[in-house]
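Given chain F, put chain H in place with the hints provided.
Read top to bottom, the protein sequences are chains F and H.
For the first sequence, our numbering gives the first residue as 3, with consecutive numbering after it.
For the second sequence, our numbering gives the first residue as 3, with consecutive numbering after it.
There may be inaccurate statements among the hints.
Since the list gives no way to pick out one identical chain from another, each pair is judged satisfied if it fits inside one copy or across any two copies.
As the list claims (entries may be wrong) - The calculated DSS-like cross-link candidates involving lysine-lysine, where the alpha carbons are at most 30 Å apart (straight line), are:
| id | residue 1 | residue 2 |
| --- | --- | --- |
| 1 | LYS82 | LYS93 |
| 2 | LYS79 | LYS93 |
| 3 | LYS488 | LYS461 |
| 4 | LYS274 | LYS93 |
Since the hints were derived computationally from the structure, they do not count as laboratory data.
Computed from a prediction, not measured in an experiment: that's the story for all the values here.
2 protein chains.
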Amino acid sequence: MRKKAGGTPAFGALFTDFYQLTMAQLYFKVGLHGRPVQFDHFFREYPDYGSHQAGYCVNAGLGTLLEWARSVRFCRKDVKILGALPSRGGKPLFARDFLRWLLADGDFSSLSIRAVPEGRVIHPQVPITVVRGPLAPAQILESALLNKINYQVAVATRAARIKFSARNRPVLEFGMRRAHGAAADEGARAALIGGADFTSNTGISCRLGIPPKGTQAHSLIQLFISLGGEEIDAFRAYADLYPDDCLLLVDTVDTLGSGVPNAVRVFEELRKKGRRPLGIRLDSGDLAHLTVRSAAMLDQAGFPDAAIVLSNQLDEMLIWQIITQIVSEAPVYGLDPDRVIERLIFGVGTRLITSESASSLGGVYKLTAVRHQGEWRPTIKLSDSIDKTPNPGNKNVWRLYDRRGKAMADLLGLEGEDPGVHSRLILRHPSDADTYRVVRREEISRIEPLLQEYVREGKEVFPPPALEETREARRADLDRLDDGVKRLVNPHIYHVSMTSRLWDLKQELIARTRPPLNAGVNREEKL
Amino acid sequence: MRKKAGGTPAFGALFTDFYQLTMAQLYFKVGLHGRPVQFDHFFREYPDYGSHQAGYCVNAGLGTLLEWARSVRFCRKDVKILGALPSRGGKPLFARDFLRWLLADGDFSSLSIRAVPEGRVIHPQVPITVVRGPLAPAQILESALLNKINYQVAVATRAARIKFSARNRPVLEFGMRRAHGAAADEGARAALIGGADFTSNTGISCRLGIPPKGTQAHSLIQLFISLGGEEIDAFRAYADLYPDDCLLLVDTVDTLGSGVPNAVRVFEELRKKGRRPLGIRLDSGDLAHLTVRSAAMLDQAGFPDAAIVLSNQLDEMLIWQIITQIVSEAPVYGLDPDRVIERLIFGVGTRLITSESASSLGGVYKLTAVRHQGEWRPTIKLSDSIDKTPNPGNKNVWRLYDRRGKAMADLLGLEGEDPGVHSRLILRHPSDADTYRVVRREEISRIEPLLQEYVREGKEVFPPPALEETREARRADLDRLDDGVKRLVNPHIYHVSMTSRLWDLKQELIARTRPPLNAGVNREEKL
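Extracted from the complex, chain F is given alone in its bound form (with noise of 0.2 Å):
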């Protein structure tokens, strides 16, 4: 990889859990940190909201990731900084050998990574991102791998939820006030791949190269109002600058009463200096009624084009839920619901950019395989429970698809193995011997290879795509995936099964590991 200068310690290489330093440090004093190992990323369940639980996740993060990993190193600075640490014995915790090894060989440089390209749909247990190469390295990248991809899964996930719920209408991402501090740039980029199709973040949209996206705030109106104005002076101020771009904001007042009249009004002068107005934003009370009556009195001004932007503490429930009721509401007023749905569009704040309810995805960093004696070794971590024991060895992953074109499994196995050549294919439960599937080679379309390598040995192999490639990755994966399993409530479980060889790997793994029944008691209290 490239290296570039190591920057201020809080996001430099000292962006890491004290304790992948001290590991890194004994594996460099026992002559392990060089030892080649595999760290698999994953996660295990579903992001659940409470009430209702994802089908799938899409993947997002990974870009950030390998900017980060090429450009960050151990800089002098972090060295001294670390160098200064005592240990209870007052003693220097780290010594200067390994320090010295840090600066000159800590960086990120000798890694390799595969991954699940951003945007794809991904799945439970399958590996998101295979670290390979020396043990000290890879270690400390853990804390950087699970800290960037884990959020930014969570948001891309989200957001793909709520476009859906949206019936594909635009989605705003306006969460910057209530992100988490920094992660607002993070926050809005996982948005975008996953399903926003703006932010009002200003800086990271322009980075991205997409524009920004805002409307106006009540204290613009407000104002107006507070220096002896009244509601429609501001409007028609934000009208004389903002011609082509006018979009008003109703609600300060009285919607229907003060707000959209006056819009309308404001509407109407602007279509006499052959201007086209934008819409109106709705940002309080009941947002499916108002929409519904705000259309009509657009519509009968002559403005049916005229977008009804709505926000306020909106997610994928609330928005499925504002639609129902338009869709039953709006013949009341003489209204085609999808009329009036067609002119949505929705801002999307705090439930997107925090996943409120599920603001957390548990992916996980697991050591799988460790070179010994000339040959990759398999490793297992055993759990509480099959379910929870990673799947050990370097793994292979593909996504079969049906005769439809549908994605029907994805399947898990070892390297070397080739799904292809097999006329009827075994998916194999992950955690229940006694559930397989056979599936004939005719009934499977396609069986698609998952992880795409990025970094060989520290050098880019294949570049992290850009945003708009992302989101076609998604578009095609959700187009590529059964309606059952995009429900938003109750979604059918998609399978995630294993090849015979690796489900074998894996018991034989655990009968190896597991400690004789009379080793303790802790372990059945456990299971």
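Same frame as chain F, but now just chain H:
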């Protein structure tokens, strides 16, 4: 404020919602950009964690905001980016004269900022941050202010609750891998202010002058086993390298059957060398039960001071539950529960740094006064209810202490008021006209103004306190808070009251601003 060149777009002055800039241009065009205004930042409700709600919050984030506001300004690159954005009609959205102004005066060096100090206990409706100065920069600052303070308050509050449920035992912040990307740093900072004693986040910890803390990962033990060794080999290697900081993770293989006995063996070896082991960490299973059993084993081996670090999705409720179970289970194994609890250390990750189940604080930033014809004119924005209608005008806040020295109420009043001069204070309920409380002056031991002026017209007039001072402020405030308010579940409601003068002003402005009853159906429907 000191001026530095603007940073990269993502973290520089473009870290703002786009509408702030389009509104600023409007203010510029109509000549209002320099008009003195006041914005109040406050929150309306305590965080609600689903099954329980907070009874107080802890302020944090101000230091981060002040540092940002002082160091950031629009640079040529920012202005060039904005200048290239087209309107829908194709012409530039931003005019050259506005961009020139932005470059010259669009920074925050003209603003005055008063605020409740970091670490102080805060309550709903109380202005936490008050910004006064020219309209355009005060408006642009909104996004960064809300972004930086809302999140840190959420985390500092959670940290205080966790520290409380942990009975003041050490709390370690371990959440970097589930934090929202770059927010890991601000989150760790807020946790340290609110109640965490240390963090595993190396960079921010060192920057704040606190030694970072950590233990070891399962992968360390797993690696030794994979290479043909055993758990105890990993423990020994760790003890050899860190004889004065030996803390061993004992749940990789079998906690009671292998982990604790092996740890005891290694601790005995350390003791022979004259070293004192630090303790063990439990990261899975029935933590309370395993704590009691491990404590018994450590006691028996002569290590009654060895710490037991607990981790695994902890939050205040789980910690409370673990301690409750230890209290009932320790005597069964012949142990004094208090002695067991005294050796506990809590490692808290996801649920602290994401403030899980209340992952954002709904802090808002509202225009409360405008300078007009040489006088401050209070402003109001009507909302769905009086509870949601911001308190108008330039206000002061006092905290009243009773004769025990406990905080009895926060009192909002108007600038120029002095509650100390009255022999009887009338504390008005903030939304119920018929509810008030009369307090005699002699019942009040102290009347403390809560807002501190930090910045006057861009000049720092009071330095933001160092981390240790904020922690001292938090400890002192929590000591002065009634036990009932600190209760984790169903806390007493702390009184936030108004003076009669502020109450009367608010009612007058509401009456003046409210549309006539027949103006539309919308208002009534919203009420």
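Evaluated hints:
Taking the closest pair of Cα atoms, LYS82 and LYS93 come within 30 Å of each other only inside a single copy of the chain (15 Å); across copies the shortest separation is 53 Å, beyond that limit. When the C-alpha separation of LYS79 and LYS93 is checked against a cutoff of 30 Å, the pair qualifies only within one copy, where the shortest distance is 20 Å, while the shortest distance between copies is 48 Å. For the homomeric pair LYS488 and LYS461, neither the shortest alpha-carbon distance inside one copy (37 Å) nor that between copies (54 Å) is at most 30 Å. Only between protomers do LYS274 and LYS93 lie at most 30 Å apart by alpha-carbon distance; the minimum there is 20 Å, versus 80 Å within a single protomer.
Comparing the model with each numbered hint stated earlier shows that hint 3 is the single one that does not hold.
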